[in-house]
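Enquirer: Line order of the protein sequences matches chains B and Y.
The numbering used here runs 11 ahead of the 1-based position in the first sequence.
The numbering used here runs 11 ahead of the 1-based position in the second sequence.
It is possible that part of the hints are untrue.
When chains are identical, the list treats them as one kind, so a pair holds in a single copy or across two.
Derived DSBU-like pairs: lysine-lysine, alpha-carbon spacing no greater than 30 Å straight-line [said to hold, decoys possible]:
(1) K135 to K116
(2) K154 to K45
(3) K148 to K111
(4) K111 to K63
(5) K148 to K63
Read the hints as simulated data drawn from the structure, not as lab findings.
As a plain string of letters, each chain reads:
2 protein chains.
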Amino acid sequence: MGINDRKIVNADRKCPEILHPDRIEAESFRIIEKEIGEMGRTVPARYASVIKRVIHTTADFSYLDSLYFSETVIDQAITALKEGCCVVTDTNMAKAGIHKSSLEKLGGEVLCYMAEEEVARSAKERGITRAQVSMEKSAETGKDYIYVIGNAPTALLRIVELAEAGRLCPRFVVGAPVGFVNVVEAKERLMASSIPCIVPRGRKGGSNVAAAIFNALLYDVAGR
Amino acid sequence: MGINDRKIVNADRKCPEILHPDRIEAESFRIIEKEIGEMGRTVPARYASVIKRVIHTTADFSYLDSLYFSETVIDQAITALKEGCCVVTDTNMAKAGIHKSSLEKLGGEVLCYMAEEEVARSAKERGITRAQVSMEKSAETGKDYIYVIGNAPTALLRIVELAEAGRLCPRFVVGAPVGFVNVVEAKERLMASSIPCIVPRGRKGGSNVAAAIFNALLYDVAGR
Numbered sequence: 012m013g014i015n016d017r018k019i020v021n022a023d024r025k026c027p028e029i030l031h032p033d034r035i036e037a038e039s040f041r042i043i044e045k046e047i048g049e050m051g052r053t054v055p056a057r058y059a060s061v062i063k064r065v066i067h068t069t070a071d072f073s074y075l076d077s078l079y080f081s082e083t084v085i086d087q088a089i090t091a092l093k094e095g096c097c098v099v100t101d102t103n104m105a106k107a108g109i110h111k112s113s114l115e116k117l118g119g120e121v122l123c124y125m126a127e128e129e130v131a132r133s134a135k136e137r138g139i140t141r142a143q144v145s146m147e148k149s150a151e152t153g154k155d156y157i158y159v160i161g162n163a164p165t166a167l168l169r170i171v172e173l174a175e176a177g178r179l180c181p182r183f184v185v186g187a188p189v190g191f192v193n194v195v196e197a198k199e200r201l202m203a204s205s206i207p208c209i210v211p212r213g214r215k216g217g218s219n220v221a222a223a224i225f226n227a228l229l230y231d232v233a234g235r
Numbered sequence: 012m013g014i015n016d017r018k019i020v021n022a023d024r025k026c027p028e029i030l031h032p033d034r035i036e037a038e039s040f041r042i043i044e045k046e047i048g049e050m051g052r053t054v055p056a057r058y059a060s061v062i063k064r065v066i067h068t069t070a071d072f073s074y075l076d077s078l079y080f081s082e083t084v085i086d087q088a089i090t091a092l093k094e095g096c097c098v099v100t101d102t103n104m105a106k107a108g109i110h111k112s113s114l115e116k117l118g119g120e121v122l123c124y125m126a127e128e129e130v131a132r133s134a135k136e137r138g139i140t141r142a143q144v145s146m147e148k149s150a151e152t153g154k155d156y157i158y159v160i161g162n163a164p165t166a167l168l169r170i171v172e173l174a175e176a177g178r179l180c181p182r183f184v185v186g187a188p189v190g191f192v193n194v195v196e197a198k199e200r201l202m203a204s205s206i207p208c209i210v211p212r213g214r215k216g217g218s219n220v221a222a223a224i225f226n227a228l229l230y231d232v233a234g235r
């Protein structure tokens with residue numbers, strides 16, 4: 012079909028190349044699986060939904076090699092989600108990316124303290140990050156949360172410190188800050204701790220990656 | 012200094028390795044500039060703030076090669092921002108990532124129709140995406156917007172169709188959907204149009220990348 016024929020088709024039917032919305036995601040995952048196969052790679056079944064969803068979110072196949080799962084994290088994540096455990100994030104972007112209606116089906120909700128005035132004031136006074144203050148605030152509630160960290164390495168470090176001091180007990184941590192300063196070190200410290208965690212090793216990550224990791228587990232448990 | 016000495020220092024002073032928050036971003040950009048230099052690369056001054064902020068957001072230097080800027084887009088973006096032009100996004104994650112207080116200084120705000128019930132109902136009835144309906148809704152207001160697209164290729168295609176039909180006139184478009192289905196084609200179609208745009212070519216992009224591109228321009232005009 013030549014370009015001109017195509018134009019006529021376009022004029023007649025709007026966007027003939029567009030799949031029905033329900034089929035777009037399934038087709039994306041089919042392509043991802045096909046390309047992983049073409050690379051001669053396989054993904055462990057236990058981690059497949061997380062790994063493929065991160066690639067779906069980023070179009071970056073380097074996550075095939077960088078995603079770290081602590082030994083029992085999948086079981087612990089499933090248990091926490093089924094119990095309706097709430098989620099603390101370090102960015103409103105990660106909060107926006109988490110599929111709230113699936114989480115609500117299980118009784119959970121997402122908390123993010125980053126934009127609170129009190130958090131900003133305390134961080135400024137103490138010369139620390141709002142993320143650090145936010146993690147302390149979550150510890151003060153005395154509840155056990157799931158942590159989805161997509162931005163601040165300082166949040167990860169504070170979680171580990173607070174956990175090691177017995178001041179909080181994370182059900183599991185998605186440790187996916189991105190960047191160039193303290194990021195690799197913070198992830199290494201989390202992975203060296205006894206906290207159940209999923210971590211894209213190295214510099215890469217971000218709120219979108221953090222939300223994708225969490226949503227993959229959430230969909231496995233609650234559906235969409 | 013051995014590991015044990017380090018532990019003692021750590022016990023005494025919390026997180027001695029953590030920079031003051033105000034310095035973390037500056038240090039990140041210094042590292043990015045240094046590594047670009049080590050790669051024997053330079054970035055055009057006109058595009059430097061956008062390119063470096065995308066790398067800062069993703070830790071992915073492949074954006075050095077993939078970011079496309081239409082000829083007059085920087086001037087048109089600066090003009091639109093200075094005039095307090097409002098922004099339409101295709102995801103609440105991109106909306107969450109845009110630095111609202113800087114935008115408000117200029118008189119702008121961010122609109123996202125994706126979560127509206129009416130949009131969902133119309134999309135379902137018509138078998139199209141909510142992103143397509145959202146772009147139509149923006150056209151119906153009769154106003155000219157900046158578009159920040161971080162997820163849906165169908166949003167980009169509808170923007171181009173509506174613009175070519177004279178039903179909307181984007182001030183500029185950040186065209187950064189991510190993924191495997193229709194994404195490359197939608198970006199190519201936007202770049203082939205006369206709409207001023209910034210596009211990460213290929214499959215990569217995302218709400219975080221879209222927000223980073225927009226925020227870089229925003230900070231250039233309004234500061235933080």
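Enquirer: My question is about K154 and K45: at a cut-off of 30 Å on alpha-carbon distance, are they close within one copy, between copies, both, or neither?
Expert: neither (43 Å within a copy, 43 Å between copies)
Enquirer: Check K111 against K63 for me: Cα-Cα at most 30 Å, and say if that holds within a copy, between copies, both or neither.
Expert: within (20 Å within a copy, 32 Å between copies)
Enquirer: From the Cα coordinates, with 30 Å as the cut-off, is the pair K148 and K63 best called within, between, both, or neither?
Expert: For K148 and K63, neither the intra-copy (33 Å) nor the inter-copy (33 Å) Cα distance is at most 30 Å.
Enquirer: From the Cα coordinates, with 30 Å as the cut-off, is the pair K135 and K116 best called within, between, both, or neither?
Expert: between (38 Å within a copy, 22 Å between copies)
Enquirer: Treating 30 Å as the Cα threshold, decide for K148 and K111: within, between, both or neither.
Expert: Both, since 22 Å and 24 Å are each at most 30 Å.
Hints 2 and 5, counting from the list given before, are not met by this structure.
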